[in-house]
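J.: Chains A and B supply the protein sequences, listed in that same order.
Residue numbering for the first sequence is 1 to 86, as defined by my numbering.
Residue numbering for the second sequence is 1 to 247, as defined by my numbering.
These are computed hints drawn from the structure, not numbers from a lab.
Hints may contain errors.
To be verified - Derived coverage of chain A by chain B (criterion: at least 3 residues anywhere in the stretch with Cβ under 8 Å from a Cβ of chain B; other residues may be distant):
# : segment
1 : 14 to 21
2 : 29 to 38
3 : 48 to 59
As the list claims (entries may be wrong) - For lysine to any residue, the following SDA-like pairs were computed, each having C-alpha atoms within a straight-line distance of at most 25 Å:
#  : chain 1 : residue 1 : chain 2 : residue 2
4  : A       : LYS58     : B       : GLU227
5  : A       : LYS58     : A       : ARG26
6  : A       : LYS58     : B       : HIS103
7  : A       : LYS58     : B       : LEU59
8  : A       : LYS58     : B       : ARG24
9  : A       : LYS58     : B       : ALA47
10 : A       : LYS58     : B       : HIS50
11 : A       : LYS58     : B       : THR231
12 : A       : LYS58     : A       : ARG22
13 : A       : LYS58     : A       : ASP15
14 : A       : LYS58     : B       : GLN199
15 : A       : LYS58     : B       : GLU71
16 : A       : LYS58     : A       : GLU23
17 : A       : LYS58     : B       : SER208
18 : A       : LYS58     : B       : ARG52
19 : A       : LYS58     : B       : ARG54
Even for Gly, the Cβ is constructed at its ideal location relative to N, Cα and C.
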Amino acid sequence: MTLSEFLLRLAADPDLLEQFHREPTRVADDLGLGEEQRALLGAGQLENLRIEIHGELKVGEEAAMIFWLHRLPAIHWLFKAPDDAA
Amino acid sequence: MARGALTVVGTGIRIGVQLTPESRAAVDAADELLYVNAEPLGDHWLASLHPRARSLASLYRPGVSREQVYEAIVEAILEPVRAGARICAAFYGHPGVFVRPSHEAVARARAEGHDARMLPAVSAEDCLFADLGVDPALDGCASYDATGFLARPRPVDTTAALVLWQVAAVLEPHAVAAGSHGGNLDVLAARLLELYSPQHEVVLYEASPFPAAPALVERLPLAALPEARPTPQATLYLPPAGTGAAA
Numbered sequence: 001m002t003l004s005e006f007l008l009r010l011a012a013d014p015d016l017l018e019q020f021h022r023e024p025t026r027v028a029d030d031l032g033l034g035e036e037q038r039a040l041l042g043a044g045q046l047e048n049l050r051i052e053i054h055g056e057l058k059v060g061e062e063a064a065m066i067f068w069l070h071r072l073p074a075i076h077w078l079f080k081a082p083d084d085a086a
Numbered sequence: 001m002a003r004g005a006l007t008v009v010g011t012g013i014r015i016g017v018q019l020t021p022e023s024r025a026a027v028d029a030a031d032e033l034l035y036v037n038a039e040p041l042g043d044h045w046l047a048s049l050h051p052r053a054r055s056l057a058s059l060y061r062p063g064v065s066r067e068q069v070y071e072a073i074v075e076a077i078l079e080p081v082r083a084g085a086r087i088c089a090a091f092y093g094h095p096g097v098f099v100r101p102s103h104e105a106v107a108r109a110r111a112e113g114h115d116a117r118m119l120p121a122v123s124a125e126d127c128l129f130a131d132l133g134v135d136p137a138l139d140g141c142a143s144y145d146a147t148g149f150l151a152r153p154r155p156v157d158t159t160a161a162l163v164l165w166q167v168a169a170v171l172e173p174h175a176v177a178a179g180s181h182g183g184n185l186d187v188l189a190a191r192l193l194e195l196y197s198p199q200h201e202v203v204l205y206e207a208s209p210f211p212a213a214p215a216l217v218e219r220l221p222l223a224a225l226p227e228a229r230p231t232p233q234a235t236l237y238l239p240p241a242g243t244g245a246a247a
C-alpha cells in the first residue's frame, strides 16, 4: 500500500486513525504499509511526506505550482492602490 | 431565474477528519460539490465524498491575477445555483478565514435571492493554538497576513502574541519555483527586529494536513529568521515579549 492510500484510509475512518495513534505498527501491518513509507511517516517531516505523496499521485510541476498559488498574499486591499484600500 | 441554494463549508486542515458533521450533511444534501483544496491528497478525498464533485483548482493559473481567479471561482459556484441547484462549495481550513471568494459567493447569492449560508470549520489558527499550546485570551493575539503586515504598517503590541500568515510568500506577487520561497524574510525580520530582541524565540509553524503526521514546529531566535527556509505553508508565531514560545 502506498503512503497516499494509507493516509486516505485514515482520512476516511477516524476510528482507524485513533487506533493508529494507539497501535501504529499494528495498523500499518494490517493495511500493508511499506517499510519506506513507514519510515517517512515516522520521521514526521511534512515536506518529505508531501514530496512522496506528490510523487505517488504524479502531481506535475504545473499542478504543484497551482497549489503554491494558493499561498500568495491574498488579502483584497493588497490588490489596490493605497488610496483605494478599504 | 430559478431559486437555488448555496452552502459554503470548510474541510479543516487535516484531510478527512476535520470536516464537521454539520458540513458533511451539507455535502451529502447537495446536488453538486465544488471545491478548492490545497493538497492533491485532499482532492482525492474530496472527490470521494460526492458522486458529482468537481475541483475548481484549474481556475488558478500562473500569470492570471488574483482578482480574475477569485471572480472565476465565484461565478463557477453561482452558475449552477442560478440554475436552481443546491450547491455545496468546500474550501480548505475555515471557509471564512483567508478566503475571499467564499464570502463573495454567499453575498452575491443572497443579493440575487438564493438561500446562502456559510458553516464554520477548523482554521489553521485553531490548529496553531492547539499544537503550540497557546491561549489567545491570555495575553491577547494579533493576526496578520505577513505581506499586509509590512505593506500597511501599524502599531504592534508586543505584550500580545503575534501571528503572521504566509511568511514564505511575503512580498511575493507571483508564484515562485519550489524551494525558492521565503526570499524576502530578511525584510520581515528587519521590521520585527525594530520591535523584538534578536534573541526572542519565534516559531515557524505549519499545521499538518496529513492524518497521523505531526505539525511542523521549528523554533529559532528572531535574528535567525532571514536564513530560515520555511515550508510554503508556514506561519510565523511570535510569543509576547518577555515570555518564551509556548510548549
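J.: Closer than 8 Å Cβ to Cβ for three or more residues is the test here. Does the segment 48 to 59 of chain A pass it with chain B?
T.: Our answer is that it holds, as 6 residues pass the Cβ test (under 8 Å) against chain B, meeting three.
J.: Holds or violated: are the alpha carbons of LYS58 of chain A and ARG26 of chain A at most 25 Å from each other?
T.: 29 Å, violated
J.: Tell me if the straight-line CA distance from LYS58 of chain A to HIS50 of chain B falls inside 25 Å.
T.: Measuring from Cα to Cα gives roughly 23 Å; hence the hint holds.
J.: For the pair we were handed, LYS58 of chain A and GLU227 of chain B, check the Cα-Cα distance against 25 Å.
T.: 31 Å, violated
J.: Given the hinted pair LYS58 of chain A and ALA47 of chain B, is their Cα-Cα distance within 25 Å?
T.: 17 Å, holds
J.: Hinted pair, alpha-carbon criterion (25 Å max): LYS58 of chain A, ARG52 of chain B. Please report holds or violated.
T.: 23 Å, holds
J.: Take the C-alpha atoms of LYS58 of chain A and THR231 of chain B, compute the straight-line distance between them, and say whether it is at most 25 Å.
T.: Holds. LYS58 of chain A to THR231 of chain B sits at ~20 Å (cutoff 25 Å).
J.: Given the proposed pairing of LYS58 of chain A with ARG54 of chain B, does the C-alpha separation stay at or below 25 Å?
T.: 19 Å, holds
J.: LYS58 of chain A and ARG24 of chain B: Cα distance at most 25 Å?
T.: 28 Å, violated
J.: Quick check: do three or more residues in the segment 29 to 38 of chain A have a beta carbon closer than 8 Å to a beta carbon of chain B?
T.: It is violated, with 0 qualifying residues against the three required.
J.: Hey, LYS58 of chain A versus HIS103 of chain B, does the alpha-carbon distance stay inside 25 Å?
T.: Violated: LYS58 of chain A and HIS103 of chain B sit about 33 Å apart, past 25 Å.
J.: Please verify the coverage claim for the segment 14 to 21 of chain A: does it have three or more residues whose C-beta sits within 8 Å of some C-beta in chain B?
T.: holds (count 4)
Hint compliance for this structure: hints 2, 4, 5, 6, 8, 12, 13, 14, 15 and 16 are broken, all remaining hints hold.
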